[in-house]
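Chemist: So the chains spell out like this:
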Amino acid sequence: MEEAFIKIENVSYMYEENDGFAKIDRYAVKNVSLEIKEGEFVAVLGHNGSGKSTLAKLINMIYTPTSGKIYIKGRDITDENMSDEDIMGLRKTVGMVFQNPDNQLVATIVEDDVAFGPENLGIPSEEIRKRVDDALADVGMTKYANHEPHRLSGGQKQRIAIAGIIAMLPECIIFDESTAMLDPVGRKEVMESIIKLNREKNITVLMITHYMEEAALADRVVVIDDGRIISDGKPIEVFKKEKELRDCGLSVPQCTELVHCLSENGFDIKGECVDVVSCANMIFEALNL
Amino acid sequence: MKNIAFGQYYPARSPLHRLDPRVKIILTILYIVCSFLCKNVWSFALLAISSIMLIILGRVPFKIILGGLRPVLIVLIFTSIINVFWTKGEILLLEWRFIHIYLEGIFSAIFIIVRISSLIIGTGMLLTYTTTPIALTDALEDVLSPLKKVKVPVHDFAMMMTIALRFIPTLVEETDKIMTAQKARGADFSNGNIIDRVKALIPIIIPLFVSAFSRAGDLATAMECRCYQGGEGRTRLHVRHMRFKDFIPLVLIVVFGTGLVLLNIFAPGFTMS
Amino acid sequence: MSRIELIDIEYYHGKDTPYEIHALKNINIAIPEGQITGIIGHTGSGKSTLVQLFNGILKSHSGKVMIDSEDIWQKPKQIKRFRYKVGLVMQYPEYQLFEDTVYKDIAYGPKNMGLSEEEIDNRVREAAAFAGLDAELLERSPFDLSGGQKRRAAIAGIIAMRPDVLVLDEPAAGLDPRGRDSIFNNIREYQKTLNTTVIIVSHSMEDMARLCDSLIVMHDGEIAMTGSCDEVFSKADELVKMGLDIPQITKVMQLLSEKGIDVPKGIYTVEQAVEFLKSLRKSKKEALQ
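Chain order of the listed sequences is H, L and V.
Letter by letter, the first sequence follows residues 528 to 816 in this note's numbering.
Letter by letter, the second sequence follows residues 427 to 699 in this note's numbering.
Letter by letter, the third sequence follows residues 4 to 292 in this note's numbering.
Just chain H, with the same shape it has in the complex:
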């Protein structure tokens, strides 16, 4: 069997919470095990405070697990004796795009920002030039190379942030609720970029989100509630358990809900759907008496 790209083994993470009276230790992530294969597109779904963002930060070594092991390409990243170079190498391999587009751009000119990562890695300037141009083309922002980031829309800023990560030539990108602060247009732009990177560049994608419609686009959905994985599978399989999802503060896409309601009302609908086209097809067939 091929080795997992990211392997999480019984990982827990505890933090101190002040509930107004006393400090209490709480588990943000509790005994989680998860394997992600190379080239996979995995959505991690959970409500706010479910521990999904903590999981992302553990993989990128922003947090260190309280217990358990995390391996990236077979390398134990929880090893305390790792050299700075190893850490840099891993950060370059697994890039991360955050939630707030304003708080991750460093430079005052778009192309300078995209160049920031490669500059840190000490890449020669001709090579940086090429990478910056390629990365901007990948997210469709070539036109804006010389713009100032603060004049761009949220979706555009977020695509610049993605370009800044791609320019480091990562093998995996973690998106930590990268669409949460965007309007529908911006969300669509960013989702298109993510899908393109996964399909065309075979970049492994781990996308943390609470939008069902976005999770439905992934190859695999992992649902986290209260720091634990409660469901893991293809979107269709996961969204089948509508009640369980609702119990942990999530919902399902409207069309999944419609199909469920119809089959409860005696319609002859067997399968599951997560997108409008297959939903319409299924209804159409069920109506053909």
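Incorrect hints may appear among the rest.
Said to hold, decoys possible - A partial selection of chain H residues facing chain V, derived with a Cβ cut-off under 10 angstroms:
id : residue
1  : S577
2  : G649
3  : H737
4  : M739
5  : E784
6  : A807
7  : F811
Claimed, not checked - Under the rule of at most 30 angstroms between Cα atoms (straight-line distance), these lysine-lysine pairs were calculated in the DSS-like manner:
id : chain 1 : residue 1 : chain 2 : residue 2
8  : V       : K288      : H       : K797
9  : V       : K262      : L       : K609
10 : V       : K262      : H       : K761
11 : H       : K564      : H       : K600
12 : H       : K768      : H       : K723
13 : H       : K761      : H       : K534
14 : V       : K285      : H       : K797
15 : V       : K262      : L       : K603
16 : H       : K797      : H       : K761
17 : H       : K797      : V       : K281
18 : H       : K797      : H       : K657
19 : L       : K609      : V       : K18
20 : L       : K603      : V       : K18
21 : H       : K723      : H       : K657
22 : H       : K600      : H       : K670
Since the hints were made in silico from the structure, they are not lab data.
The structure presented is a predicted model; accordingly, all values stated were derived computationally and were not measured.
No residue lacks a Cβ here, since even glycine has one placed at the ideal position from N, Cα and C.
Take the given structure of chain H and dock chains L and V to it, following the hints.
Modeler: The following block gives chains L and V in isolation, referenced to the frame of chain H:
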């Protein structure tokens, strides 16, 4: 609010805008030195002409230059008055009770005005009007890089400047939003006495600080994730190579300075006392 | 009768600068009283600018804003009166929190109104309840609250002024499905209990469809459509043309009508769709027999 202009940069296409910013920094320093070389009427005349030429070369409208001089207007007027009334000389122009005005006094007043305006116009035209703040920061890092040898954290200062420039518009926009939100709750920033007004600022300053700190935290994490480890081992996207034509202005300013000195020595005329 | 009426409004951003933008063009609307009105439009359509005219945060360059048939700019010195009458909750209002306890923060507005201690206390507690904020949180620092609780505290800060009209700009932005549903339920409860006028700005069609009695659609600084949800969603094609996202159910219905099924316009919720499909199946069965 998104379009606030910070710094004095005036976008235009001109030879001064195109000049390598590192050369411009050195030119500015030399120009300041030159302005202090002037001693007599002829060298000051040359200085004034050079300032006007810089304005023309940089294609910045006179109106903007005058605007830039406005803040020092009071200083200019004050020093000229002192010079006119207190300079003693040989050629007496006017005598009335205790007031004695000499021709030398008039000239020293003019000299002071020319020197201060040239200083302001020179740095403005060579640096602030024609160079974007970010290019200026990068160039400063380059020019000061010899100091790295004596452990001056030049790169860190440059990085701080860059981040400040990047976040000024964001924070201005945020201040605007917070002010609007508090106004909607009945805050009043324009009425009342000083104490009331300072008090009215608290609901703006606290949220602004809270947000700036959380932004700083986020940014630090994001920079770390992009492998930032300080200036060590960093390369640059834009590497500026000095070309032959970048040296021409440096030669010109040396010629200019020499010219001033020669005029001081060989051209007779009113000398600054 | 309507509380807020806008007559011939024109508004420019950065008037008389090179960056001048004609943000609102010829706006004539009346907001119906005692209802929830939704304002939808994509980013930059002018919807956020529009709501800032309602309480005199912005002043239009021409035209009149009437509240209870009174021109709000008649006496500019008294503009604060209208800020208390029309309570505005801004987008991501968490950043307006500044006091050391939640209680004091909610009391900021009422205090500015010059109310008595007792009255303020009543209002703070009532507002916290309406916003769904536990009373025990009132003595905590607002900065210790979770994201969703901060949002509620900020909303309570406006409700505590007991405005005749409550305006909320994207109240659910960035919240997960549970948070979104619960905030909307609180808003609906509030509106029903006090029978006040509520205006909600959003670009989420699905949320607006569930919540609003009538809609105003903005496009390029102009009013593109007004009417009930049924009326507006029946013009789904036009909405799509304006770059707006229509509810998934409406999309499914569009696809079904392309397949030759006679679908009535204006179906936008799962319940409506199930009802319609059930009756369609019934009539088909009858036709077969």
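Chemist: Give a verdict on every hint.
Modeler: To see whether the hints hold, each was checked on the structure:
A least Cβ separation of about 8 angstroms between S577 of chain H and chain V falls short of the 10 angstroms threshold, and the interface hint therefore holds. For G649 of chain H, the suggested interface contact is broken, since its CB lies about 37 angstroms from the closest CB of chain V, more than 10 angstroms. Residue-level restraint check for H737 of chain H holds (minimum Cβ-Cβ distance to chain V is 4 angstroms; threshold 10 angstroms). Taking 10 angstroms as the C-beta cut-off, the interface hint given for M739 of chain H holds, the closest approach to chain V being about 7 angstroms.
Of the supplied interface hints, the one on E784 of chain H holds, with its beta-carbon coming within about 5 angstroms of a beta-carbon of chain V, less than 10 angstroms. Given the 10 angstroms rule on beta carbons, the hint for A807 of chain H holds: about 4 angstroms separates it from the nearest Cβ of chain V. Against a cut-off of 10 angstroms between C-beta atoms, the interface hint on F811 of chain H holds, since the closest Cβ of chain V lies about 5 angstroms away. At most 30 angstroms may separate the alpha-carbon atoms for a hinted pair to count; K288 of chain V and K797 of chain H meet this at roughly 20 angstroms.
Under the criterion of a C-alpha separation no larger than 30 angstroms, the hint pairing K262 of chain V with K609 of chain L is inconsistent with the structure, at around 54 angstroms. A threshold of 30 angstroms between alpha carbons decides the hint, and for K262 of chain V with K761 of chain H the separation of about 28 angstroms falls inside it, so the pair holds. Proximity of K564 of chain H to K600 of chain H is assessed by CA-CA distance (about 10 angstroms); at most 30 angstroms being required, the pair is judged to hold. Taken as a hint, the K768 of chain H and K723 of chain H pair is honoured in the structure, with Cα atoms around 29 angstroms apart against an allowance of 30 angstroms.
Taking the CA atoms of K761 of chain H and K534 of chain H, the gap is about 19 angstroms. The hint holds against a cut of 30 angstroms. Straight-line distance between C-alpha atoms of K285 of chain V and K797 of chain H comes to about 20 angstroms, which keeps the hinted pair within the 30 angstroms bound. A C-alpha spacing of about 48 angstroms is found between K262 of chain V and K603 of chain L, which places the hinted pair above 30 angstroms, so the restraint is violated. Pair hint K797 of chain H plus K761 of chain H holds up; C-alpha atoms about 17 angstroms apart against a cutoff of 30 angstroms.
Taken as a hint, the K797 of chain H and K281 of chain V pair is honoured in the structure, with Cα atoms around 17 angstroms apart against an allowance of 30 angstroms. Annotation: proposed proximity of K797 of chain H to K657 of chain H is violated, straight-line Cα distance about 51 angstroms (limit 30 angstroms). In summary, the hint linking K609 of chain L to K18 of chain V is supported, as the alpha carbons are separated by about 22 angstroms, within the 30 angstroms threshold. Of the pairs offered as hints, the one joining K603 of chain L and K18 of chain V holds, with about 19 angstroms between alpha carbons and a cut-off of 30 angstroms not exceeded.
For the given pair, K723 of chain H sits about 20 angstroms from K657 of chain H by alpha-carbon distance, which is consistent with the 30 angstroms threshold. Using a Cα cut-off of 30 angstroms, the hinted pair K600 of chain H and K670 of chain H is violated, with the two alpha carbons roughly 36 angstroms apart.
Checked against the numbered hints listed earlier, the structure breaks hints 2, 9, 15, 18, 22; every other hint is satisfied.
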